[in-house]
Amino acid sequence: MTKMILSLLTALMVVCAPALAAQEQGDRDGPLRIEITEGVIEPLPYAVPDLVAETAQASEYAANIARVIASDLSGTGLFREIPQNAHISRVTNFSSPVQFADWRAVNAQALITGGVSVDDAGRLVVRFRLFDVFAGQELGEGLQLVGTTTSWRRIAHKMADQVYSRLTGEAPYFDSRVVFVSETGPKDARQKRIGVMDYDGAGATYLTDASSIVLAPRFSPGGDRILFTSYESGFPKIYVMDVASATRQELQTQQGTMSFAPRFSPDGRTIVYSLSTGGNTDLYSMDIATGQSRRLTSAPSIETAPSFSPDGQQIVFESDRSGSPQLYIMPAQGGEAQRISFGQGRYGTPVWSPRGDLVAFTKQSKGRFHIGVMRTDGREERLLTASFLDEGPTWSPNGRVIMFTRETQGETGQAGLYSVDITGRNLRQVPTQTGASDPSWSPLLN
Amino acid sequence: MSGIAKIILVVAGIALAGCTTPDRFGNGAGGAGGAGSLINGASDPTSPEFFQQSVGDRVLFAVDQSSLTPLARTTLDGQAAWLNNNSDFTAIIEGHADEQGTREYNLALGARRANSVQEYLVSRGVNPNRMRVVSYGKERPIEICSTEACYAQNRRAVTVISVAPSS
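Protein sequence lines, in the order shown, are assigned to chains X and S.
The first sequence runs 149 to 594 under my numbering.
The second sequence runs -3 to 163 under my numbering.
FYI, nobody ran anything at the bench for these hints, they're computed from the structure.
We put the CB at the ideal spot given by N, CA and C, even for glycine.
Each hint should be verified, as a subset may be incorrect.
What the hints assert, rightly or not - Just some of the chain S residues that point at chain X, by a computed CB distance under 8 Å:
#1 98
#2 99
#3 100
#4 107
#5 111
#6 112
#7 116
#8 118
#9 120
#10 124
#11 131
#12 136
As the list claims (entries may be wrong) - Among the chain X residues that face chain S by a calculated CB cut under 10 Å, a handful are:
#13 238
#14 240
#15 241
#16 382
#17 564
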């Protein structure tokens, strides 16, 4: 954790090095940076005026793109928007000099400006710049993004990703999607469908109907396929779906068995999953192309919820071989497993972070559920959330944010999606049209 | 779902009165469809309804457990006797868990519970080829409150009688 904070600050100071010279003229105490500590955070104030509409057809996108950028940045908890009604300067021309004094006066430390037009081919062309207001300088290069008009939201996410990366030194994550299970109806007759949406809950579409129970969809490393469990045969079986065409096929497993909890390997060629036969649940892997399966564990205990390390060499999973569910790591080909969870309570659904340094998990302790993280050797366990029922963490592509399922209790209990920063701050509900569970975050889109 | 559709649905005698949802995990008489009209009432000892209401179609489990209680064994002795006397029927044994646990673990736990029941029925002479097991984990609670009174009813294995082939 400490290392991450340091690298954040270092990166920011490098980005903002020119600002140091200007510091004495300004009225602030230090260079432009985001203070991230375990305890307190002071969000960095920024301004994002509506983009300048450079053609008539572009006017509807000018404000919408600015709003999505603001939603992305403020949604991290690391940035605070200076509201537009406080702005003194109006940006009316993307190429005109910025009136830094006006932005300093409203204490905007970062300023994002943009211009948007629709070209002769009907494409949306968006240019943007990021400024360090108190240094009076541009931060990084200006950028131009071109896409279809229907992709305006993705373009906005990409712009926000640029700002986020330049100001934090972290890899971005806004231009990403989440596959999840949409839930409707009462608790004892819940209808479930696979849905996919932008990471912020926008643009949801549904890939299955509600005729069968579907569980725990998982994106492939390329984001083009989804693994999920469905009861459409009457028994839980794993299916792989092509996202673009929504066509799916069942992964062939032995007759009379149940299979569930699938995940892709980092190269997308292998899946690891649980298979139950004779009441016993063990871990298996399967080569998707050949259908060849391999048994990874042989124990009378429950082995489930496997997840690959980013290098594909190891698998973290859940087992009750010690008497209660705990977390273990073993080689990807199977073999001896090392227990990594030793705290009080029951541990489940481990997921290896994309950076490789942490494992996120569900913990059940004293009648409460938590989402937590620990290092891969089990040290430095930290619980990030607590509620009646939190479960099923998934990592943002940059390993900074965790999304998970939270279910409320009682007869009217509903599931929803929440996200939390790995510092434990900035807990937020992800807006969804229906109840929702089992999120799986895609990689950053191309 | 075609195999499931052939299952003769029987009224879950427990609670949920007034629930109209045609779901076989609840008070699901409405889900029986055409098959329901083929069977006689619970007074016919060869009917699945009799099995469900008089023999008892379900056994309950302690928290995290899949071992059978003495009461469960008594119920299953009755199920075995009925299945042995009514050899035209097959059964699907559904294992369920309460909501206290992760989705994946509960699926595995439900599989354990269903298998406990199947093994016991086999030990009482029921042909294993007449039975299949399925786990629903915590996906289909029959009671929806979040207290032990409901959880105790949800930690169950239900023997669902069917006229369809078991495999």
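Hint check results:
Given hint, residue 98 of chain S at the interface with chain X, holds; its Cβ is 4 Å from that chain's nearest Cβ, closer than 8 Å. Interface restraint check: residue 99 of chain S against chain X, minimum CB-CB distance 6 Å, threshold 8 Å, status holds. For residue 100 of chain S, the shortest C-beta to C-beta distance to chain X is roughly 4 Å, which falls under 8 Å, so the interface hint holds. Evaluation of the residue 107 of chain S hint against chain X yields a held restraint, the C-beta minimum of about 4 Å falling below 8 Å.
Among the interface hints, the one on residue 111 of chain S holds; its C-beta lies about 2 Å from the nearest C-beta in chain X, closer than the 8 Å criterion. Taking 8 Å as the C-beta cut-off, the interface hint given for residue 112 of chain S holds, the closest approach to chain X being about 7 Å. Taking 8 Å as the C-beta cut-off, the interface hint given for residue 116 of chain S is violated, the closest approach to chain X being about 11 Å. A hinted interface residue such as residue 118 of chain S counts as satisfied when its beta carbon comes closer than 8 Å to some beta carbon of chain X; here the least separation is about 11 Å, so the hint is violated.
Taking 8 Å as the C-beta contact cut-off toward chain X, the hint placing residue 120 of chain S at the interface is violated, the least distance being around 17 Å. A distance limit of 8 Å between C-beta atoms decides the matter here; for residue 124 of chain S the minimum to chain X is near 10 Å, and the interface restraint is violated. Interface restraint check for residue 131 of chain S: the shortest CB-CB distance to chain X comes to about 6 Å, inside 8 Å, so the restraint holds. At about 7 Å, the closest approach between the beta carbon of residue 136 of chain S and any beta carbon in chain X falls short of 8 Å, and the interface hint on this residue holds.
About 52 Å separates the beta-carbon of residue 238 of chain X from the nearest beta-carbon of chain S, more than 10 Å, and the hint is not met. Checking residue 240 of chain X against chain S: minimum C-beta separation of about 54 Å lies over 10 Å; hint violated. A distance limit of 10 Å between C-beta atoms decides the matter here; for residue 241 of chain X the minimum to chain S is near 54 Å, and the interface restraint is violated. Interface restraint check for residue 382 of chain X: the shortest CB-CB distance to chain S comes to about 5 Å, inside 10 Å, so the restraint holds.
The interface hint given for residue 564 of chain X is broken, as the beta carbon of that residue sits about 15 Å from the closest beta carbon of chain S, more than 10 Å.
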